[in-house]
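Top to bottom, those sequences are chains A and B. The first sequence stops at residue 236 when you use my numbering, and every number in between is there. The second sequence stops at residue 1186 when you use my numbering, and every number in between is there.
Keep in mind that the hints were calculated from the coordinates and are not lab data. Some hints could be false.
[As the list claims (entries may be wrong)] Keeping only pairs whose Cα atoms sit at most 16 Å apart, straight-line, the calculated EDC-like set for lysine to aspartate or glutamate is:
| hint | chain 1 | residue 1 | chain 2 | residue 2 |
| --- | --- | --- | --- | --- |
| 1 | A | 67 | B | 1131 |
| 2 | B | 1169 | A | 42 |
| 3 | A | 235 | A | 171 |
| 4 | A | 198 | A | 216 |
| 5 | B | 1169 | A | 5 |
| 6 | A | 69 | B | 1148 |
| 7 | A | 217 | A | 119 |
| 8 | A | 69 | B | 1055 |
| 9 | A | 217 | A | 173 |
| 10 | A | 198 | A | 119 |
| 11 | A | 217 | A | 196 |
| 12 | B | 1123 | B | 1065 |
| 13 | A | 184 | A | 142 |
| 14 | A | 235 | A | 173 |
| 15 | A | 26 | A | 3 |
| 16 | A | 217 | A | 171 |
| 17 | A | 208 | A | 185 |
| 18 | A | 184 | A | 216 |
| 19 | B | 1169 | A | 3 |
| 20 | A | 217 | A | 197 |
| 21 | B | 1169 | B | 1113 |
| 22 | B | 1169 | A | 37 |
| 23 | B | 1123 | B | 1055 |
| 24 | A | 69 | B | 1018 |
| 25 | B | 1169 | A | 13 |
| 26 | B | 1074 | B | 1148 |
None of these values were measured; they are calculated from a predicted model.
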Amino acid sequence: MDELEVRRRLLTDPYRLSAEQQEQLKQDPDSQQFHQDILQLDQQIRQLLSPPVPNTLEHSLLLQQHKYKQQQQKRFYQHLVALAASVAFLAGFALNWSFFLYGSQSLGENSLAHVYHEEPYMQQRMTALSLADVNLKLADFDAQLSASDYNVVFANYCNFRGSRSLHLVLDTEQGLMTVFVVPKENSLSFEAEFHDDKYQGRSIATHKAILVMVSDKAETLQRGEQQVLNSLQFKA
Amino acid sequence: MWWSTANTAEKKQRPEKEQRQHSYMQLVHLYHADLYRYSCWICKNTDIAEDLVQDTYLRAWKSIDLLQNEASAKAWLFTILRHENARRFERKQFQYQEVEQDLLLDEHQVSPEQLYSQQQLLKQLESLEPEYSEPLILQLIGGFSGDEIAQLLSLNLNTVNTRLFRARKQLRDLLTDESARERKNG
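All chains should be modelled from the sequences, with the hints used to inform the complete structure.
The structure is reproduced here in structure tokens:
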């Protein structure tokens, strides 16, 4: 190491000396002096650039972080509350919606709703359907209608809250009577008897399906029931 | 029991939180003075310097999980401070050059002669090109090694070493010129 290199290294970093540099310093008083000069100048600069640190700085740094943390926590809970409110609102909305969609819960209410729905069209449909047509539809329920003393004037599939059912309208001697053939597996609660201001109805559970009969006259219902039970057979 | 599992989960979580809080307090305690000094140098204004240190520590707290190594914490804080300072200039283009320079001086127990020579030294220091003075200030105030300075300034080690060498050399030359001139005048 020549002298120039020694000085260059000391000027670059006088604080982290290699073993080689330390060895060299020990042997050369001039270099030692040079090193000391550098350190002294550094010390002067350091003093120059050491304005008094405000006493409150450390404290205020800790305080600011504390405040920030609290703010974050508060914001977290605010978000939580907002989220909970949204969930509650949606739940309420969904509940309302489902009540609106599936307002009628029991078999009777559902049947009456269907009857009222078809009521306006009944007057125009007084032509009898052929027994073969009706039996084709009844076949889905493993049922068969034999010749009887009433006519079927309407036969169509309908939806009993998700269960595919058959909606029949019979023209009996006593008047019109509606019969629903509902599968046993359905989501409605069974009601043996039901009525409202205009109609009354009865449900009979057979081994294959539930028969719901609705009519506006008690007499029609009573006689019709017997007629239906006599003529409608379920396959075993 | 149902509460015992919840309890242990909480216990596991708490030391981590406490650990974070603890290391933040350590960072504040150990380095706030050096950061403040460095901040004063780059802002030339004690009020702004203090704000900058506040911003730096807030940013540090937000990303304290990124700090993996306690040994590199100081360099990490200095890097944040440099970024925050750059952001300050992005936000608003104020000229702080007008601010009195001798705010930086420690005026406690200084004789007029000393004050004069200190002002001279400061003048020389500021007459250096920033690319030279910057590594030197980092070495003096931050106490960083050549490698750390290289990383802080995104330079390679050789460049940093060259600049450190030139900074000291120029400063010494300037000061000898000054004293020579004074001797002649005197």
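Broken hints, by number: 1, 3, 6, 12, 14, 18, 21 and 23
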